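Asks: Chains as they are written, first to last, in the working numbering: chain A, 934 to 1172; chain B, 42 to 265; chain C, 582 to 856.
Honestly, the hints are just simulated from the structure, not real lab data.
Note that the structure is a prediction, hence the values are computed from the model and not measured.
Any given hint might turn out to be false.
Unchecked claim - Which bits of chain B does chain C cover? Going by a derived footprint, with three or more residues having C-beta under 8 Å, they are:
{"#": "1", "stretch": "155–162"}
{"#": "2", "stretch": "177–188"}
As the list claims (entries may be wrong) - In silico DSS-like cross-links for lysine-lysine, where the CA-CA straight-line distance does not exceed 30 Å:
{"#": "3", "chain 1": "B", "residue 1": "Lys75", "chain 2": "A", "residue 2": "Lys1149"}
{"#": "4", "chain 1": "C", "residue 1": "Lys767", "chain 2": "A", "residue 2": "Lys1105"}
{"#": "5", "chain 1": "A", "residue 1": "Lys1161", "chain 2": "B", "residue 2": "Lys265"}
No residue lacks a Cβ here, since even glycine has one placed at the ideal position from N, Cα and C.
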Amino acid sequence: MSKNNIERISGRAPDELRNVSIKAGVIKNADGSALIEFGKNKIMAAVFGPKEVHPKHMMISDRAIIKCRYHMMPFSTDTRKRPNISRREIEISKVIREALQPAILMEDYPRTAIEIYIEVLQSDGGSRCAAINAASTALADAGINMRDLVTACAAGKVDGQVVLDVDDTEDKTGEADMPIALLPNTGLITLFQLDGNLSKEEFDKALELAKTGCDKLYKLQRDALSEKYFDGKNGNKEE
Amino acid sequence: MKTNSVERKYVMPGDVVIEGDHNPIANVIKSGNKIISTKIGMAEIAYNGVRVIPLNGTYIPRMDDVVIGKVADMNGFAWEVDINSWFFGILTGSAVFGRQFSSARDSMKSQFDKGECLIAKILSFDRTRDPLISVSGPGLGKIKEGEIAYITSSKIPRVIGKKGAMIKLIEENTGCHMTIGQNGAILLKGTDEARTKARNAIKLIGNQAHTSDLNDKVISLISK
Amino acid sequence: MPAVKKHRIVDSITRESIISNLANSTRLDERGLLDYRNLEIETNILKDKTNGSARVKLGESEVWAGIKVETANPFPDTPAEGVMTCNAEMLPICSQYIEPGPPDENTIELSRVSDRGIRESGMIDIKELCIKEGERVYSVYIDVAVINEDGNLFDAVSYAATTALLMADMNKFTIENDEVKMLDEKQPLPIKSVPVSTTFAKIEDKIIIDPNADEQEMATARVTLVTDENGKYVSGQKGKPGGFTFDELKEISVISKEKGDEIRVKIREAVKNGS
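Chain A extracted, bound-state conformation:
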């Protein structure tokens, strides 16, 4: 892929994704849920709703409100994290909500709330992307009307090379990290963040690479839903 083909710390090829598995319907009490294992990341997402809005004054008469909370368990990181929600988690909650919201047909659910809860049980770089993949699977599992699923993946630059899916170790020494999320069928980018130092060429390459990651993850989301709802048959079966 790259002219240099420097071996990554993780041993992966520049365009290689970590091992990922997604399972839908893992929390009985939730309306929809999913567990994602993305490299060493282990993240659960649960959806409750549509339901009544509390407090009532926050209700919107012609559409749903979307609530999203991203939270990391104290044992999820290298150094134990205090249980209270941090500013970082609040920001990530917001960008995740804004990544998922465009896919949700909120006008179908006036005066209600749709609540998305994400718990990071183990974190190893790229958790917000993994979280989005789990959350959108959970939304579909909950039967929330969506115009598309939402798939997320990050690309970055490590050791001068543009690579797909930066893990925690690579992130610590890397030169850039760019997580994106998109609606796979329309190609609309709904999450975009960038940390680092990229030339125009590298920027374009990172975007393309991230998209290929999303393509692979989209298939896994479909597999997870297909496994639960269609006995594993592909989501395009003719009967």
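Given the structure of chain A, go ahead and fit chains B and C onto it with the hints provided.
Replies: For chains B and C alone, kept in the frame of chain A given last:
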């Protein structure tokens, strides 16, 4: 015949069900030239339009639906009934006690207390307010005995079957009497054995709603 | 999902079924009054970032525990003792009745009872957690996430925390030229005993063990009793606004030891298979 042919396929949110000038009926949106599914389910493409029968999702109240719910709370003038939907069903005191209802005089608790189950009908529901329900009418009112089984509300048509064929099959073969709530709650009455058989049949339908030979599967289960 | 009120309501039909079953000494899921639900214990579920971890599924209640061992300054009044904290979180994912935000009194009770079950039982020998007196000690963090709630989280959390602690290891330290140095070598935590929690509930006048969510809601009183392998009673908590008679509590204490022993076997088995 063209009018009777229905094309079916499994779909997920974002999947293009079909392209072209088709009429979007339910759980699909039109985007440019494409009809796109908004749910996980079975898409049906017929001459009169395209719809997706979802395999999940909460019950959306429709006028005249019979529903089975439980009283969650009450205030001075109405009961709030959990009907397994986005909102509580509202049963007004005046609907039960009559026009002269006064919360000071008439005891709400004496009629329906928290936790009690009832069979009700949806009087009205629209996008601007909570669904209103009524318990006046034949077959409606407090549930005193039986057992309630649950299934995703979108699968209720499969429990009923074409012209009631499935519910008839289950009742005749299990000896259990079933009252169907459109909200996914089914009241079972009968002996322990009858109810267990019916419950298992409902569970099977829930797991296999997306398959085609459901009748055979149910028969083979309850005939054991 | 149903619009939600603050807490679970058991409907009248289920309520009557539970009571009539109890009269025949059975329960809705066909258990006996003193039978536990199916208990699944999985170890090393979070092996990449924790010193020890376990996942427990008790019926449909599911919890994940993770141990982090770090170092810290000791408390001034206990310069040669390590520090331990136990924190159980009922996460909003586990139930429609849990709102995000500061923990409510039920969550706090769960957390503190779990903490005492480990601390007061002396499970971890905190005197063995001293690295350099007055300067550096081990700090053991036990955090438990509740993933799905279906009653009796007290026991589920206890089993997960205990298993995770038994599976945990920590870096060794040495003192060179009066300086604390971390070694690569690892050692297990200084475990002195294995406390096992048992929880009982009272519905009308029947005592049941391991209540599920509906049973817990209907119960007038609940009691958690923790025993260790030496038959000692090390922690207890009664909850819910009802009461137990002296005779009931005495009988419960006998059953608690019996059942505790049975479950201890399962925990040890899981630890053995996981190591």
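Asks: For each hint, tell me whether it holds in the structure or not.
Replies: The hints, checked one at a time:
| no. | hint | verdict |
| --- | --- | --- |
| 1 | 155–162 | holds (count 4) |
| 2 | 177–188 | holds (count 4) |
| 3 | B/Lys75 <-> A/Lys1149 | 24 Å, holds |
| 4 | C/Lys767 <-> A/Lys1105 | 26 Å, holds |
| 5 | A/Lys1161 <-> B/Lys265 | 27 Å, holds |
Violation of the numbered hints given earlier is absent; every hint is satisfied by the structure.
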